[in-house]
Structures are given as structure tokens and as C-alpha cells.
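Asker: Sequence:
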Amino acid sequence: MLIDRPAYRRADLHRLVDPRVIAVVGASETPGSFGQRTLINLAGFDGKVFGVNPKYRETIGFPCVPSLGDLPESPDCVVLCVARPLVAPSLEEAVAVGAGGAIVYASGFAETGAEERIAAQASLVDIASRGGVRMAGPNCVGLANVRSGAAMNFMSDCGSMMRGHAGRVAVVSQSGALGYTVLQSMMRGVGISHYLAAGNSADVDVSDYIACLAEDPEVRAIICLFEGVKSGQRFLEAARLADAAGKALIVYKAGNTEASGKAALSHTGTLVGSVGAYRAAFDEVGAIQTDDLEAVLELASFFAKSGPPRNGRGVGIMATSGGAGVINADKAEQKGLQLPALAPQTRAVLETVVPDFGSVANPSDLTAEVLKSSTTFALCLNAFVDDPGFSAVVVPLVFAHPGATGSRAPTLCEVAARTDCAVAAIWMNEWLEGPGSALLDADPKLTLFRSSDRCFAAIRAWCDWHERRGRPAVLTSRLSPADAAAVARNIIAGAGQKALGEQESKRILAAYGIPVPQEALAATPEAAATAAAAIGFPVVVKIASPDILHKTEVSGIRLNLRSAEEVRAASAEILATAGQHRPEARLEGVSIQSMAPPGTELVMGIRIDAQFGPLLVVGLGGVMVELLGDVATSLAPVGPDKARRMLASLRGYPLLTGFRKQPPCDINAAVEAICRFSELADDLADLIEEVDVNPVIVAPVGAVAADALIVLS
1 MLIDRPAYRR ADLHRLVDPR VIAVVGASET PGSFGQRTLI NLAGFDGKVF
51 GVNPKYRETI GFPCVPSLGD LPESPDCVVL CVARPLVAPS LEEAVAVGAG
101 GAIVYASGFA ETGAEERIAA QASLVDIASR GGVRMAGPNC VGLANVRSGA
151 AMNFMSDCGS MMRGHAGRVA VVSQSGALGY TVLQSMMRGV GISHYLAAGN
201 SADVDVSDYI ACLAEDPEVR AIICLFEGVK SGQRFLEAAR LADAAGKALI
251 VYKAGNTEAS GKAALSHTGT LVGSVGAYRA AFDEVGAIQT DDLEAVLELA
301 SFFAKSGPPR NGRGVGIMAT SGGAGVINAD KAEQKGLQLP ALAPQTRAVL
351 ETVVPDFGSV ANPSDLTAEV LKSSTTFALC LNAFVDDPGF SAVVVPLVFA
401 HPGATGSRAP TLCEVAARTD CAVAAIWMNE WLEGPGSALL DADPKLTLFR
451 SSDRCFAAIR AWCDWHERRG RPAVLTSRLS PADAAAVARN IIAGAGQKAL
501 GEQESKRILA AYGIPVPQEA LAATPEAAAT AAAAIGFPVV VKIASPDILH
551 KTEVSGIRLN LRSAEEVRAA SAEILATAGQ HRPEARLEGV SIQSMAPPGT
601 ELVMGIRIDA QFGPLLVVGL GGVMVELLGD VATSLAPVGP DKARRMLASL
651 RGYPLLTGFR KQPPCDINAA VEAICRFSEL ADDLADLIEE VDVNPVIVAP
701 VGAVAADALI VLS
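If you're matching positions, the sequence shown starts at 1 in the UniProt record's numbering and goes up one per residue.
Hints listed in this document are in silico derivations from the structure and should not be mistaken for laboratory results. Yeah, the Cβ is synthetic: ideal placement off N, Cα and C, and Gly gets one too. Take these hints with a grain of salt, some might be off.
To be verified - Think about it this way: if two alpha-carbon atoms lie no more than 30 Å apart in a straight line, the pair counts; the simulated DSSO-like pairs of lysine-lysine are:
1. K445 <-> K230
2. K335 <-> K498
3. K335 <-> K661
What the hints assert, rightly or not - Okay, the calculated beta carbon distance ranges per label pair:
4. E29 <-> G323: 53 to 59 Å
5. P355 <-> T476: 34 to 40 Å
6. P472 <-> D292: 31 to 37 Å
7. V701 <-> G307: 25 to 31 Å
8. D292 <-> P640: 30 to 36 Å
9. R468 <-> A348: 57 to 63 Å
10. G307 <-> D330: 42 to 48 Å
11. G322 <-> G164: 36 to 42 Å
12. A438 <-> P344: 35 to 41 Å
13. E294 <-> Q338: 23 to 29 Å
14. A610 <-> P472: 30 to 36 Å
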């Protein structure tokens, strides 16, 4: 795991992200040039702006000086609108005049993959670091602080788009263009606080931006769009800062397939890590992940505008259409939310205005009769948000019209402003920017969704996030023996090969207190029969060879042998078959092991991820893993609570709890084995590449690791 430096904090980045004096190097009046676009965008900035170009004394309404050295005061941020060959000398000048931050637009650096361009990018970091300048880019479209109007980017019309639309959601993006697609929501009234692009992330990266925004008191939710991080440790640090500050971190990670991963490498020069590792990292720090780009803004807005749930997962659906009510009730139940019955006082209010052909229930069907008057609509909505059974109230808007959505939007905003109940409206019609939509999009308390599915997914994520934060911190002590790591390292030191055999691997598991079968090694069938009698029947016979890692491939396992004769015959057959399949393999004989009691099979695995370190994988054995990919992943180590949640998240979990009248398995023993195994992962992360324990047999009493393979790094 790469650990190069801690995340930059707000104090480190404030001159870059919230400057009061901005210098634009390469200021220009040439239409369409980056210098011209940047100056136009800065027209609404409430600080000072200077152009830097020897051709002008004034440009686009701003004073202009020949060089950075001619500025009347030190700039907080320098925007470099210059070609690649001029970036380094311009950055040197920025350092010389005491700049605090620099934005580098120019491309053609490490993202090309050329060694000399990679070196050129590294030299920029050296220049900036020596002078204490925090650098965004290169290959960066720029930044924007909406609160101050500092639109320090070359995106057309960004400055005018930002005016009057400051909000409490920040957008952080590796890809400038992708982030800008979200920023353009301001065109329909959505409030944004920052737009921070990272480009090649040579110095400042998305993790630094997250850490900075975590300390901004006005920001309540952070959107992060990225392809990969160079330091998993720094990302975890930043995300934990956001979580500790009570700010929701909404992440959309691109580059989740082999093809898109290659595209990501050529685009930003950032290696895309394991999808499983990223998901485990997000879970570790409470980040809310979505695979739907269209959902990120709605998710973030709902978190930013809503306080904590006041009564669990209870949701009220106030519909004026029976069909809309049913559709949204289906979505709520699909997302695992609850639809409590109306409280008596709520029902009493609704019954005074809802006709008998309507439905006074949850979901409701208030009918069009209620919509004839804004007074009756407000009466019903107030009754819903005051219902103590609801943490959120959802209002589907089925068609757009000045007399419908246009007239109801102000009422929705007024009611949302006075309640602690989360309020969401769903724009179910296809007139996406119809009457009333802009008012709802811009409202500081109500969230407008354009999808029922996304609305209830957001409410579920909101409930889950607050439940996680509400769980008391559990301090767990180490379960494994204090000398386990030392014993394991001695075994590894004497191994002499990359892949440890089953016997050595299980000795390491045993050092950590993970139960393994009683075992003996026998060189001949006769010795195998003697060993089996000493262990006690029934037994398992397996091929023993440092060159055969997957025994089933050579038919090298026989189970449930109950006599000396069966063991002799099985041993002879296994040795002969292994010799035929792998004549080059070194055969040490056979391993005789006590037969594990019947139970449910688990698989435990470890993989060392380049970004996030030891990654723990747990799944149900057999077809659940091979066919369905039914696994849970986590960063290691884990405590008992986390291990238990990992098991409970598996689709095959009922097999452990007594499915179809089978005896329940010893889940406590499985949890303990997982915890000890995760401690092994943490202790030996510098020596191992991967570990496979398959199966772990979880019986009604106890759990036994029946086979294991450890591959060294």
C-alpha cells in the first residue's frame, strides 16, 4: 500500500481553493482562448484579478502586468493558461512571488505514458513543493468556488452559470469534464459550493480536496467522481475526516472493467485498483457508492438538505394519483423501507378533505379534488410531515402544468422549511423542466428527484448511513496469540518457495488459533493406514506435494474413509493418479487428516491490494462462490461485529442459520475464525500475496479450516 504523505487539509489548500487574489498567466483577448475564457469567467469574482501578459495593460476589464514579478501584491492562486513548454518557468515565477496555489491547464504530461513527459510532470511537483505551492493539474480544466465567484477554469459560461447558485454540495472530480456535467445542474437552479478538478493529480488529488472540504463548515455533502487513487491510505484518511465531520461522501468510481480500466490509465495516468478493494474501502469509511452517474447529485442533495431520520425507515407517500402511489410503494418496499400506517391524527385531518373515492392510507390517493385548492393540499402535506411515524415524506408529481406543479411547488417549499421531516418530490412527468421544477431544484430543504427508483434508493442510503453513524463504537481486542506473527514468519522463512504447501499453510493458521484437522504425513500406503488408525476414523487422504497446489485437478482427495483397508487403497490410487497427471511433481506421500464434522462450507481469502493493503474475502463455499460470486469483502483486520455483518450480508447466509430444518451452524465460531484470519492478513501483509482457505467447515459446534494455500509475495 502506497503511503507517500498525509492528505492536505483546508489550511494547506485555502489559497488554491478560496483565493482572494488571482493571477491569470497567459491572459488574452483572443476569442476562445483559455486565457480569455478564464478572465470572462472571473467577472463575478468578489476578490482581485490580474492578467499577466506583456502585450496588455488591461484586458477583459482587468488590470494586466507583463510578468508575475510585476504584480502589486502576492497572488493566492495563479492560473497557468500557457502551453506545456512554458509551464515550468511560469511555475518557478509563481513560487518566486509567493503564490499559494497554481492551476495548470496544459496537457501532454504523464497521461501520455511517455517517460520524458512523466519526468516533466514530476519536475513540476518538485518546483511547487519547494515553494510551498499547491498545484492542481496538469491536464486540469480548473476549479470553481461558487460562494466567492472564483470560476478559475476555461469552461464556457461557467462564471455566469454560477451566480446566485451557491449551495452546500461540493463536486470533486478527477475528470474535469465529467465533474462539469454535474456542475451544470446550476443551470436549473441547483446549489453547489465548489467544483474542484484534479486532472493528472500530480500534486493535489481528489483525496486532498475531500479532506479540505471536510473542514469547510458550509459544506454538507461531497460528490467525488474518480477512476482511481494513487494512495489508498490518503483516501481513507480524507474520507474518515468527512465522516467524522458528519458530511456525506457520495462516490462514483469509473474504470470498473478491464476495458474501462485501460481507458482510465491512458486518460489520467492513474492505475485503477481492484473493484472489490474500492468497495471495501468505501464501506470502511461510510462513503455512499453509486454505480449510477445520474444519481450522484440527487443523493448528495438529499443528504445536504435533510437532517437525520427521526423515526427509523418510516416513509410516507402522499400521492394524488392511485397509480403513482402504488408505483412508489413498490419502490419503497424494494429498497427495504417501511410504509407505516397513518397515525390517527393524520387520518383524521385527511378524512376532512379527501373524498370517499380516494384513499386515506399510506400510500395515499388524495385525488384531484384535493388539488383544487392550495389550502387543502397544504393541509394534507402538513399532516403527513407531522406524522410521527415518518422520517421522510415523498410527494410524486405526476404531470406538469402551471396550475398543478407550478402552484404546488411553493407549498412544498413552505412546508419543507418548517419541518424536521425530510421532504422529497418526484418529478414523474417527462416535462423535465416544467413549471415549478426550478423552484424545487433550488430549494434549500426539499429535494427534487426525477426517478422514483433513485428517490427511494437515496432514502435507503440516508437511513443506512445514519444507522451506521449511530452505532456505538466497539473496541475490540486482538484474538490471536501475541506470538502468532513471529511463529508464522519463522515458518515462511524456512519455506524456500513462493507457494506454501497445505501442511505449512495450516501450521500458520494454527499459530493464529484457527482450528485445523489433526494431521499426519505418510510416505507409503501402509504408513498411511497406520497413521489413520492413530488419528481415528473416519479420515481424509490427500496428495502431499509442494508442486501440486490444487489437489482436485489430479483427483488427489478421498473423503470419509472408515478403515485401514480403505486408506491403503485410496493412498495407492492417489499416488498413482498424481504421478500420471504430474510426472514432474515431487511427491512427498499423502496427508492423513481427521474428517471434519458435517456442516456448511465457508471460503476465506486474503489478497494484498496495491492501494488499500490486506483485503479480506469471505463467502459461502461450493456453487455460491463459484457460480454466484456470493462474497463479502473488507479491509483487514476486522472485529467480531464487522465479521458478523459480513456473514449476514451473504445471500447464502440462511444456510448457516438452519435452512430447511437443518441444524444451525456455530456462527460465533465462524466469526472468531474470520477475525483471527484477518489479523493474520494484517500481520503478514508485507510477506504474502494471497491466501486461500477453502473450505472452512462450520459445524453445529465449532469451525475447522480443512485446506489452505498461502502464496508469498
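Asker: Below or equal to 30 Å on CA atoms is what counts here, so check K335 against K498.
Answerer: violated (46 Å)
Asker: Between P355 and T476, is the Cβ distance one that fits in 34 to 40 Å?
Answerer: This hint is violated: roughly 58 Å between Cβ atoms.
Asker: Does the hinted range 23 to 29 Å hold for E294 and Q338 at CB?
Answerer: At roughly 26 Å between Cβ atoms, Q338 and E294 fall inside 23 to 29 Å, so the hint holds.
Asker: Do the beta carbons of A610 and P472 sit within 30 to 36 Å of each other?
Answerer: holds (34 Å)
Asker: The hint says 31 to 37 Å between P472 and D292; measuring C-beta to C-beta, is that right?
Answerer: At 32 Å between Cβs, range holds.
Asker: Go ahead and decide if the range 42 to 48 Å is satisfied by the Cβ distance of G307 to D330.
Answerer: violated (27 Å)
Asker: Below or equal to 30 Å on CA atoms is what counts here, so check K445 against K230.
Answerer: Answer violated: K445 to K230 is near 37 Å, above 30 Å.
Asker: Between V701 and G307, is the Cβ distance one that fits in 25 to 31 Å?
Answerer: Hint violated: Cβ distance 47 Å, outside 25 to 31 Å.
Asker: Range hint 36 to 42 Å: satisfied by the CB atoms of G322 and G164?
Answerer: holds (39 Å)
Asker: Taking 30 to 36 Å as the stated bounds, is the beta-carbon spacing between D292 and P640 within them?
Answerer: holds (33 Å)
Asker: Take a look at whether the Cβ-Cβ distance between A438 and P344 falls inside 35 to 41 Å.
Answerer: At roughly 38 Å between Cβ atoms, P344 and A438 fall inside 35 to 41 Å, so the hint holds.
Asker: Note whether the CB distance of R468 and A348 lies within 57 to 63 Å or breaks it.
Answerer: violated (37 Å)
The structure fails to meet hints 1, 2, 5, 7, 9 and 10 from the earlier list, while all remaining hints are met.
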